[in-house]
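A.B. asks: If you're matching them up, the sequences are chains A and B in order. Heads up: the first sequence at position 291 corresponds to 293 in our numbering, and the numbers run straight through without jumps. Heads up: the second sequence at position 99 corresponds to 308 in our numbering, and the numbers run straight through without jumps.
It is possible that some hints are incorrect.
As the list claims (entries may be wrong) - Simulated crosslink set (DSS-like; lysine-lysine; CA at most 25 Å straight-line):
#, chain 1, residue 1, chain 2, residue 2
1, A, Lys87, B, Lys321
2, A, Lys247, A, Lys236
3, A, Lys68, B, Lys321
As the list claims (entries may be wrong) - Residues from chain B shown here face chain A by an in silico Cβ test under 8 Å; the list is partial:
#, residue
4, Gly243
5, Val244
6, Ile272
7, Ile273
8, Pro277
9, Leu308
10, Ser329
11, Asn337
12, Arg344
13, Asn348
14, Phe353
15, Leu361
16, Phe369
These are computed hints drawn from the structure, not numbers from a lab. For glycine and all other residues, C-beta sits at the position ideal for the given N, C-alpha and C.
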Amino acid sequence: MAPKRKQIERELVMERKRQKRRCRKDEKDRISELPDCVLLHIMSFVSTRTAIQTSVLSKRWKNLCKCLTSLTFCARYTGDICFRKFVSWVLSSRDHSYSLLNLVVISPNESDILDLIMKYAMVHDVQNLTMRIDLTCKPAFSSLPFIFCCDSLTSLKICNVYDPNVMVIPNSLHLPFLKSLHLERVKFTATTDAECVEPFSNCRVLESLYLRNCSMQNDSQALRISNSTLFSIKIYSYNIFAERKAYNIALSTPNLRSFTIKGVNSHQLSSVCNLPLLGAVSIGLFMVKSSIIIKLMRALANARILTLGSFTLQSILDDLSNSSTRLQPPCFVRLESFRVKSKLIDLFDGQISKVVKYLLQNSPRARVDVTRN
Amino acid sequence: MGERGEEWEAVMLRKAEEEESKAVKKVKLVTSDGVTMEVEISTVKEMETIQAFMNATDTDNSIIFPLPKVSSHILSRIMELMSGEYDQELVKRLSHEELKEICMVANYLNMKTLLHLTASAIANLIQNKSVEFVRHFFNIINDFTPEEEVQLRKTHEWAFEGVDED
Numbered sequence: 003m004a005p006k007r008k009q010i011e012r013e014l015v016m017e018r019k020r021q022k023r024r025c026r027k028d029e030k031d032r033i034s035e036l037p038d039c040v041l042l043h044i045m046s047f048v049s050t051r052t053a054i055q056t057s058v059l060s061k062r063w064k065n066l067c068k069c070l071t072s073l074t075f076c077a078r079y080t081g082d083i084c085f086r087k088f089v090s091w092v093l094s095s096r097d098h099s100y101s102l103l104n105l106v107v108i109s110p111n112e113s114d115i116l117d118l119i120m121k122y123a124m125v126h127d128v129q130n131l132t133m134r135i136d137l138t139c140k141p142a143f144s145s146l147p148f149i150f151c152c153d154s155l156t157s158l159k160i161c162n163v164y165d166p167n168v169m170v171i172p173n174s175l176h177l178p179f180l181k182s183l184h185l186e187r188v189k190f191t192a193t194t195d196a197e198c199v200e201p202f203s204n205c206r207v208l209e210s211l212y213l214r215n216c217s218m219q220n221d222s223q224a225l226r227i228s229n230s231t232l233f234s235i236k237i238y239s240y241n242i243f244a245e246r247k248a249y250n251i252a253l254s255t256p257n258l259r260s261f262t263i264k265g266v267n268s269h270q271l272s273s274v275c276n277l278p279l280l281g282a283v284s285i286g287l288f289m290v291k292s293s294i295i296i297k298l299m300r301a302l303a304n305a306r307i308l309t310l311g312s313f314t315l316q317s318i319l320d321d322l323s324n325s326s327t328r329l330q331p332p333c334f335v336r337l338e339s340f341r342v343k344s345k346l347i348d349l350f351d352g353q354i355s356k357v358v359k360y361l362l363q364n365s366p367r368a369r370v371d372v373t374r375n
Numbered sequence: 210m211g212e213r214g215e216e217w218e219a220v221m222l223r224k225a226e227e228e229e230s231k232a233v234k235k236v237k238l239v240t241s242d243g244v245t246m247e248v249e250i251s252t253v254k255e256m257e258t259i260q261a262f263m264n265a266t267d268t269d270n271s272i273i274f275p276l277p278k279v280s281s282h283i284l285s286r287i288m289e290l291m292s293g294e295y296d297q298e299l300v301k302r303l304s305h306e307e308l309k310e311i312c313m314v315a316n317y318l319n320m321k322t323l324l325h326l327t328a329s330a331i332a333n334l335i336q337n338k339s340v341e342f343v344r345h346f347f348n349i350i351n352d353f354t355p356e357e358e359v360q361l362r363k364t365h366e367w368a369f370e371g372v373d374e375d
């Protein structure tokens with residue numbers, strides 16, 4: 003230990019000499035003359051760890067990192083003891099007169115540390131929260147219910163990596179100011195006798211919803227999404243292994259503007275209203291039957307721009323020859339543009355126009371321009 | 210035809226307005242090295258410090274605004290960035306000195322978009338770098354005694370795990 007310390011001291015002396023030389027060249031330390039808010043602005047783009055290192059730069063910088071409004075706790079490449087010290091120093095030293103706007107927590111190994119961070123975040127009115135959880139066993143994660151009724155949150159992103167049972171979303175989320183919700187590999191649950199799971203209806207100002215590889219505790223239940231403010235829904239399902247179960251999705255979203263569904267799962271979609279404001283609809287399903295795709299389109303018939311992935315188009319094409327399973331497509335009343343993404347398979351123009359002709363057979367008034375990219 | 214005529218009229222009207230505003234509203238910026246740069250009023254809109262001055266003085270034309278902290282080189286770089294709509298690629302082409310200088314000017318002139326852009330570019334350069342690198346990068350004068358610095362490093366030991374050396 004001692005020689006190492008000596009070496010550091012020697013390096014420091016050298017550094018000082020270098021600095022003196024530089025001063026003589028009349029280079030001023032002008033960056034340190036900038037106001038706190040600018041230096042904090044720069045620091046808001048670096049990791050919290052790098053921001054804390056700046057406290058060693060000079061006296062001017064010593065206490066700046068206590069005023070950060072964005073915190074990132076990343077436990078990757080860090081020992082547990084080190085991470086624990088890091089977290090507890092930040093939480094105990096932070097100047098609480100600065101509000102906590104953004105908090106990102108990545109891969110904590112110990113659930114009690116995660117709890118510590120979350121409790122701090124809740125008490126200090128965090129606005130944007132992102133968590134990446136890769137705990138493999140169900141943790142004693144006691145702060146979870148508090149996150150789901152936190153009234154300061156405007157955006158919440160939870161990426162669960164391994165076991166969906168670690169992250170079970172309660173019956174109803176009470177997040178009154180939440181505008182953006184992003185959930186990955188979580189499990190939705192409801193009381194056993196309920197027909198549907200309706201977790202988002204108490205998020206009264208929710209605008210955008212992103213679900214990726216989410217599953218249901220009970221597959222016979224439907225996932226109901228009823229929010230009058232919601233304008234964007236994205237559903238991605240690539241659960242090709244353990245959790246490959248499709249479920250029914252029931253929309254009650256009168257202001258929905260865009261809807262995207264991608265992946266390998268045959269979720270069924272229904273809607274209470276005809277989605278009068280629907281603009282862009284994107285369907286990128288593969289290994290999904292044509293009948294499922296047509297049923298999806300029936301719920302989304304008010305789309306103005308319809309984008310299909312090449313696999314989706316291919317599976318419609320494949321089923322065209324089989325008249326017994328062929329379904330009547332809906333009447334697309336407002337469709338203006340039909341787009342095909344043919345990045346993965348090369349489709350001939352003739353094949354595309356065949357599918358377009360089939361899909362638009364009940365939409366005599368649609369004047370649609372077809373583009374491919 | 211009627212519609213077309215109206216459209217054409219609107220276009221001409223807009224052009225005439227533009228011409229008019231061009232003719233009247235120019236701002237002269239005088240840089241630290243004595244160069245006078247004439248810029249359009251729309252350019253100055255983003256420079257809130259100058260805008261506030263103009264609102265307060267309420268003059269209508271030929272305003273001369275001295276910029277004792279801004280060199281002509283840096284000002285022309287800023288004009289390039291503004292006309293390129295703050296393209297990230299343009300920012301990448303700046304030297305480190307230019308980048309720091311522009312960040313300071315953005316603060317001085319209170320240009321929000323430019324400040325945001327340069328702050329994030331600077332942050333990318335110092336992310337995960339050693340204290341020595343950052344000091345050198347910013348020309349920061351270390352006013353800690355060696356003992357103080359060693360002590361400070363010791364209390365934040367956990368923050369210095371796995372730092373890039375340059």
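A.B. asks: Please list, smallest to largest, the hint numbers that this structure does not respect.
C.D. replies: Failing hints, ascending: 1, 4, 5, 6, 7, 8 and 9.
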